[in-house]
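4 protein chains.
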Amino acid sequence: MEDEITSEALKAFFRKDLFANFVGIELVEAGGGRSTARLTLHDHHRNGLGMVQGGVLFTLADLAFAAAVNSRGRTAVAIHCSIAYLKAAQGEFLRAEAREVFCGPKIASYTIQITDGTGDVVSQFEGMAYRKKERWSL
Amino acid sequence: MEDEITSEALKAFFRKDLFANFVGIELVEAGGGRSTARLTLHDHHRNGLGMVQGGVLFTLADLAFAAAVNSRGRTAVAIHCSIAYLKAAQGEFLRAEAREVFCGPKIASYTIQITDGTGDVVSQFEGMAYRKKERWSL
Amino acid sequence: MEDEITSEALKAFFRKDLFANFVGIELVEAGGGRSTARLTLHDHHRNGLGMVQGGVLFTLADLAFAAAVNSRGRTAVAIHCSIAYLKAAQGEFLRAEAREVFCGPKIASYTIQITDGTGDVVSQFEGMAYRKKERWSL
Amino acid sequence: MEDEITSEALKAFFRKDLFANFVGIELVEAGGGRSTARLTLHDHHRNGLGMVQGGVLFTLADLAFAAAVNSRGRTAVAIHCSIAYLKAAQGEFLRAEAREVFCGPKIASYTIQITDGTGDVVSQFEGMAYRKKERWSL
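Chains as they are written, first to last, in my numbering: chain E, 124 to 261; chain C, 124 to 261; chain P, 124 to 261; chain S, 124 to 261.
Careful, some of the hints might be misleading.
The list treats identical chains as one, so a pair stands whether inside a single copy or across any two.
No farther apart than 30 angstroms at their CA atoms in a straight line, the calculated lysine-lysine pairs in the DSSO-like style are these [as the list claims (entries may be wrong)]:
(1) LYS210 to LYS255
(2) LYS139 to LYS229
(3) LYS256 to LYS229
(4) LYS210 to LYS256
(5) LYS255 to LYS134
(6) LYS134 to LYS256
No lab work stands behind these hints: they were computed from the structure.
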């Protein structure tokens with residue numbers, strides 16, 4: 124793959140993602156089409172039934188997806204994402220792991236699994252991105 | 124349909140959705156399998172490129188989806204959601220309109236369109252829910 | 124929109140879709156980002172439980188999607204499709220109606236509803252396509 | 124898991140899937156939440172551009188999905204499926220491999236990858252099913 128981006132550069136860039144920061148999401152590491160993101164759960168992450176809100180799970184997985192696809196050296200924008208809710212999250216934190224399914228010249232695809240504090244998979248997220256011509260730069 | 128819920132009761136319930144409140148989402152109205160939600164955009168809704176973050180668009184549509192399916196009188200949980208990003212959002216606010224595709228005894232399906240401050244459709248969201256046996260109650 | 128294609132030209136082109144022909148799908152009309160396709164059901168369209176097979180529903184909706192997006196004057200290829208199965212199909216035929224959600228310079232999105240012989244909506248299909256630079260030609 | 128079904132019993136059942144037979148799909152093996160299906164490509168599997176038709180790819184993956192979820196001992200029906208088209212298929216045959224993401228009491232989820240005759244991944248399919256109470260029986 125063309126110019127890969129270091130994990131440090133990706134982490135510095137995603138610290139400028141104001142919404143991810145606002146939600147409390149941390150990019151743990153990223154590079155080579157993979158990434159890991161993490162979130163410590165608080166009351167403001169819950170819905171009216173006391174469960175982790177779907178938007179929290181989505182936003183966590185989406186950040187992992189963005190870091191993984193941008194690690195491939197070109198600016199990429201999401202075009203389609205889906206999320207399956209498999210079971211209710213337990214425990215104090217969530218972890219999202221992104222892995223690459225395909226990275227072509229224009230289209231790239233990633234699968235992200237979210238595990239909860241007990242180690243169970245609670246959601247699976249699929250993301251497709253359109254890769255622009257511009258080289259990624261800080 | 125069985126006991127429909129009033130728009131006021133739904134709005135009262137969704138004010139207890141702590142994450143939607145945290146993000147700034149307002150449920151404008153809901154009932155009869157439809158709903159409208161709204162968000163005034165601020166800096167903390169943006170990503171590192173200055174665009175509205177994907178998780179913001181998803182969370183807005185997801186609240187409209189939840190209100191629409193719960194308006195049908197039984198507690199429902201999301202099982203699968205997808206979002207297509209069609210164009211970059213412009214303007215000061217976003218609006219999500221949910222309409223029912225199908226509401227069966229167990230499975231229900233909704234389409235949510237998000238329009239931006241210029242009136243353009245920026246995203247389309249599809250949500251499927253599993254309807255529980257329990258009647259919905261405050 | 125640039126050079127629109129006539130319904131007759133689209134129907135002539137899709138008669139060369141060997142798999143759609145093999146399955147028995149007929150493109151009824153297409154143009155202006157919309158289309159209608161139809162299928163008369165036979166035994167070989169059923170699965171081991173006697174229901175219309177999921178691949179039949181998908182293939183019918185997919186042809187309507189392809190005709191709708193190609194009616195916009197440029198060759199387009201599908202990048203992501205999804206289908207929700209809402210209820211079991213009844214009756215002797217199926218009908219798919221495609222309508223445009225968005226048609227941008229590169230990405231286009233369509234919703235296709237499938238109704239059965241009793242007029243009920245049995246499936247909803249969402250299709251995203253990548254539009255190539257080449258003008259569409261017979 | 125409750126009564127698992129043998130690969131032979133699953134293969135016997137899916138030979139009664141008339142549409143899969145009509146298309147030429149063969150269930151190679153299934154059991155324990157996994158399966159493999161295969162298709163030798165012919166002219167009637169192609170669209171008007173000479174590419175493998177999207178409905179062919181979907182139907183192959185869908186059969187692998189159905190075999191994997193039914194191997195878990197209860198009748199299951201698909202509720203939502205999606206397919207990402209990653210690159211054009213080359214070669215003389217296609218192969219679909221299903222693996223389980225989650226199998227709960229009511230909802231189950233599977234990922235199916237389709238590889239072509241050159242060994243490249245050409246599509247990724249996600250399937251969610253609703254598991255009925257009835258035990259699976261021939």
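Here is what the structure says about each hint:
In this assembly of identical chains, LYS210 and LYS255 lie within 30 angstroms of each other by CA distance solely across copies; the values are 15 angstroms between and 36 angstroms within a copy. For the identical chains of this complex, LYS139 and LYS229 are neighbours both inside a copy (25 angstroms) and across copies (28 angstroms), given an alpha-carbon limit of 30 angstroms. For the identical chains of this complex, LYS256 and LYS229 are neighbours both inside a copy (8 angstroms) and across copies (14 angstroms), given an alpha-carbon limit of 30 angstroms. In this assembly of identical chains, LYS210 and LYS256 lie within 30 angstroms of each other by CA distance solely across copies; the values are 18 angstroms between and 39 angstroms within a copy.
Taking CA atoms no more than 30 angstroms apart as the test, LYS255 paired with LYS134 passes inside one copy only; the shortest distance there is 20 angstroms, against 34 angstroms between copies. In this assembly of identical chains, LYS134 and LYS256 lie within 30 angstroms of each other by CA distance solely inside one copy; the values are 22 angstroms within and 36 angstroms between copies.
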